[in-house]
Each structure stands twice: as C-alpha cells, then as structure tokens.
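Q: Listed below are the residues making up each chain.
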Amino acid sequence: MSQDMLERELARRADDVHGAPLSFADVRGRAVSIRRRRRASVAGAVAAVVALVVIVPTALSGDTTRSDDVDPAPPRQVTGAVLEDGQITLADGEELPVDLRATDVSTWVVLDDGQVVVARNNPGRIDVYSPDGERRDYPVGDTAVVGSTDGDAAAWIEEDGTVRVLASGETEPVALGQVEVDPLTGGVMIDAVLGPDRVLVGNGSWTTTEVTADGVRPFETDRRLTVSAARSDGSLWAVQYPDDSDPQFGCAGLYDPASSALVAESCDTALLRFSPDGAHLTGAIGDGGTWASVEVFDTDLRQLLSFEPEGDQVVKDWAWADDQSLLVVVSDFSDDPQWSVVRVPVDGGPTTVESGPTPGPAPDLGATFLLSD
Amino acid sequence: MLTEQTEVTAVDRDTDFTAYLEARQARLLRTAYLLTGDQHQAEDLLQTSLAKLYLAWDKVRDRDSVDAYVRRIMVNENNSLWRRGWRRRETATDQVPETAPFHDTYDEGVGAEVWRVVQTLPRKARAVVVLRYYEQLTEAETADVLGISVGTVKSQCSRALATLRERIGEEAR
Numbered sequence: 001m002s003q004d005m006l007e008r009e010l011a012r013r014a015d016d017v018h019g020a021p022l023s024f025a026d027v028r029g030r031a032v033s034i035r036r037r038r039r040a041s042v043a044g045a046v047a048a049v050v051a052l053v054v055i056v057p058t059a060l061s062g063d064t065t066r067s068d069d070v071d072p073a074p075p076r077q078v079t080g081a082v083l084e085d086g087q088i089t090l091a092d093g094e095e096l097p098v099d100l101r102a103t104d105v106s107t108w109v110v111l112d113d114g115q116v117v118v119a120r121n122n123p124g125r126i127d128v129y130s131p132d133g134e135r136r137d138y139p140v141g142d143t144a145v146v147g148s149t150d151g152d153a154a155a156w157i158e159e160d161g162t163v164r165v166l167a168s169g170e171t172e173p174v175a176l177g178q179v180e181v182d183p184l185t186g187g188v189m190i191d192a193v194l195g196p197d198r199v200l201v202g203n204g205s206w207t208t209t210e211v212t213a214d215g216v217r218p219f220e221t222d223r224r225l226t227v228s229a230a231r232s233d234g235s236l237w238a239v240q241y242p243d244d245s246d247p248q249f250g251c252a253g254l255y256d257p258a259s260s261a262l263v264a265e266s267c268d269t270a271l272l273r274f275s276p277d278g279a280h281l282t283g284a285i286g287d288g289g290t291w292a293s294v295e296v297f298d299t300d301l302r303q304l305l306s307f308e309p310e311g312d313q314v315v316k317d318w319a320w321a322d323d324q325s326l327l328v329v330v331s332d333f334s335d336d337p338q339w340s341v342v343r344v345p346v347d348g349g350p351t352t353v354e355s356g357p358t359p360g361p362a363p364d365l366g367a368t369f370l371l372s373d
Numbered sequence: 001m002l003t004e005q006t007e008v009t010a011v012d013r014d015t016d017f018t019a020y021l022e023a024r025q026a027r028l029l030r031t032a033y034l035l036t037g038d039q040h041q042a043e044d045l046l047q048t049s050l051a052k053l054y055l056a057w058d059k060v061r062d063r064d065s066v067d068a069y070v071r072r073i074m075v076n077e078n079n080s081l082w083r084r085g086w087r088r089r090e091t092a093t094d095q096v097p098e099t100a101p102f103h104d105t106y107d108e109g110v111g112a113e114v115w116r117v118v119q120t121l122p123r124k125a126r127a128v129v130v131l132r133y134y135e136q137l138t139e140a141e142t143a144d145v146l147g148i149s150v151g152t153v154k155s156q157c158s159r160a161l162a163t164l165r166e167r168i169g170e171e172a173r
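Listed in order, the protein sequences are those of chains A and B.
Quick note on numbering: my numbering labels position 146 of the first sequence as 146, and the sequence is numbered without any gaps.
Quick note on numbering: my numbering labels position 66 of the second sequence as 66, and the sequence is numbered without any gaps.
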C-alpha cells in the first residue's frame, strides 16, 4: 500500500510541473556555452601557470612581507556569517551590502582577512568581495567554493579541472594544479581545503586526488574515503567511507593523517564539520536539501546534543557560530513558510532566535537565509 | 562535396535531436523535478543535461537508449551538483513563486507527508525512488543508470518504504 501511495504521490507532484518549453536554440545555446567555458578555462589555466611562476621566486626568497608600513589586520572570525537578500552580516555584526539574493548562491565562505568568496548560480561564477565591498569575479566549473576551517584559503574548481585557490591576504587566486575531468559528467569536486597549498579533490564518491604546490598526485589511504573537513590544526580529518551497514551513506569517522588511522567512527551520522576550536563537530543524516535534525558530537563521536526544530519545521542549513554554539536555519512547508535563524548552544542551553521569523519561499524552492560554510 | 555532406549531416543531426527534444522534454522535466524537488533547479538541470546530450548526440548510436542515456546524465549532474549533500544548489530565478508548485489537501495531509519523506531522502536514495516508482524502471535498470548494485537498489527502496510507513503509520497501510 505504501508503495502505491508513493507512486501516486510522485505522479501527482510530477504532473503538476509545467515549465516553459525549451527550444532547440535554448539547448544549443547552453551547449555552446559549455563548450566555450571549457575552451576559456584552458586559456585561463595557461595564464595562471605564468602567474604562479612569478609568485614562486618571491616565496623562495623568504620575503613574504606585503607592506613595510601596514600591520596586518587581526584575523576575522570566519564562522557565523549570514547572507540574506542584498546583505551579508558577518559574525562581528558588520554588514556588507552585496548584489546577491540567497537563491543566487550555492556556497560561500569568509576568509580571515575579511574577503568574502561566493559561488553563485546562473551565471555560474565565483564572486570575491573585498572588505570594502569591491567585487571581482572568476570562472568556475562545479559551482561551489570550499574554505579551510581556519579561513586561510578558499578553493574552487574550473571547468577543465584547474584548482584555483585564493589565500587570505592575497587579492588574486592562483592555479594550484589541474585534475582530470570526466568530459560527460564533469564529476570532480573539491572535498576539502587543508590550506592555501593543499587541496583534496574527489569524484563525488571518494577523495581521489591531492593537489599541492608540489604537484598533483593520487590521494592514497588504506581504504576509500571522502575527506569532508579538517580540524584547523590539521591533526584530524572528518571523513565518510563505504560500509555495508549503510549502503547509502556509509559511516563517518575521524581520521588521523599522521598515523593513517581512524580514531573514531559512527554509522549514525554524516556531514561532519569541526567547530572552530576543533573540540566538537556537527553532523546530520540526509542530503535531500532539508533535514529533520542536526547533532553535535565530541571528538570520540559521542552525541552531545540533537537539535530538532519544533512542529513541522525542517532544518535547511547550519553552521558553527563560534566554539560554543551553532546557527541553524529553519523553515517549513506550509502555505506561508516562515524562516528563522536560531542559535543553539552546545551545552544544551535555551535556543534563541537570531533572525526572523520572516516569510520566504518553500524550502524546496529557495532560501531566505544562507550561512557561510 | 565534403562540406555539403557535413552540412547535410549536421542538419539531419539537429533535426533528429529537435524531434527528440520536442517529444521527451516534458517528461524529462518531471523527472528532473522529482530528482531535485525544485522546479527552477529542475529546469536548469534539464537544460544542462540536454546540452550535454546534444554535445554527445553522435555517440548515442542506439536511439532507443537515449532516455536511459539522458537519465544517467541528469542523475550524475544532479549528484555532482549536490556534492555529498552538504553543498546547496539554489538556482537563480527572476521571481520566487508565492507558493510551492503543488499543495496537497487530500487524504488529511497524507500526500503531503509522503512528499515530505521524499524531500528528506538522501539525494541518491531519492534518485532510486524516482527511477523505480516514477519512471517504473526495473531494479536492474535503476542500478545500471545509477551505477550501483541491484542489492543497493533493493535496500534503498526498502528503507524508503519503511520510512514512509513509519511516518504515516496506519494511514499508509
């Protein structure tokens, strides 16, 4: 009976979908665009290699000073930033006006020098905002940007597999290396950014490649795993790996790269993310775009907290606000969806509403608030 | 002469592709919607997938297998875009509709609960469910499109149905 209901409901939902018909010109135009981006990316990669050559002698000389007169600004907190239509609010409360809507953005990160790096859709590109609001944009393949845990670098991947890294304190990204791309699916993506000189790339199923300033090489561990994040001191990696107990997600674990060993495992969570101080992690099961709950774990992967929004609400997004609390975006599937950003203390203290409730789209149609990764 | 042949071939190719496009895009859009749960993402996914199909059109020798081929592109593209489920993919729109494209009012909300279960399924499990229960592919065909084992198809279908039964309880039985 439940299968009949599922089939009926899928058919009902699908039958209600009526998009504007695509013409042959629409499709051919997109195809030309894909082809052109690939060619442009190849040209861009050549230019980037030249730029890299210029940078290397400076680094070898040991002179890394960017200015004799200006002291570097203290690092910014890179977590806890919120994007809503037209505005980014950083963790310290500073507001940055941006020509963006939340629905324009796939992922975004804040670097510790105050630069904001946004992967936006349609057209797919990377926008980099300097602290004074000036915007620069760059081509991208897989429309996402991934940041290091401590905010010293952000990376994205271009159509031809060039891994582009923007380091904190720099104004232009460099090409760290180029990985092989499946010409049909384009199935390469950045799994984790371990720093400005080290990026891990995967194929969507596991981490395959390590890209460093020394070159591109296969990522070799004793088992297939996906590295999804690294503790800021680099001592632990959050990983996901196949396991018969859960053919869809496998299990999550913490991997010690020094000893090449898993030091904690759990088959009851996924999507692990370190807190800024590395003492805790968030995790959740599900990847359909909305989640029923989000959990907090210690570094033995013992669950400390589970946050489940009230009533019919679902979790749309979450991120660490600081070492002791996380921000969770919640909404609902009602006729008048309400959106809120809720602060959830790790110690189980009372939650507080930071923003909202604000009317917005259904969670499967868009977002009102988007948290930095 | 060579140029003429090439032009004729290109015209035939585009005519051939256009016929496929006109015949199948409505159905493919529905599948894309069920895969993404988002009409705007679905439209974008479909356009990109069809563009990649167009680029590979000459390689698809067996015209009877085009649907399977484009489904594979759609699933791969969608999974690639979602990146382990962590990365969000929201497609820009000129205007956000005031409501979801469909609002269920029948069966005291059971349909809405079924849809909510689908919406919260893991992306790849959702693809299994859509291919099996909407596209009505066999377990073997579903496994082939997704590049997974038949056993995984079975276990994911079983899990989805169990979740559904648990969520809607007696109403689903």
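Bear in mind the hints are in silico, worked out from the structure with no lab data behind them.
Treat the hints with care, as some may be off.
Subject to a maximum C-alpha distance of 20 Å in a straight line, what follows is the list of computed DMTMM-like cross-link-like pairs (lysine to aspartate or glutamate) [what the hints assert, rightly or not]:
#, chain 1, residue 1, chain 2, residue 2
1, B, K59, B, D16
2, B, K59, B, D144
3, B, K154, B, D144
4, B, K154, A, E354
5, B, K59, B, E135
6, B, K154, A, E95
7, B, K154, B, E166
8, B, K154, A, D4
One side only, chain A facing chain B, incomplete, derived with CB under 10 Å [said to hold, decoys possible]:
#, residue
9, Q3
10, A11
11, V17
12, R217
13, E220
14, R224
15, A261
16, L262
17, V263
18, S266
19, V314
Backbone N, C-alpha and C define an ideal beta-carbon position, used for all residues, glycine too.
Q: Would you pick out the hints that fail for this structure and give their numbers low to high?
A: 4, 5, 6, 12, 13, 14, 15, 16, 17, 18
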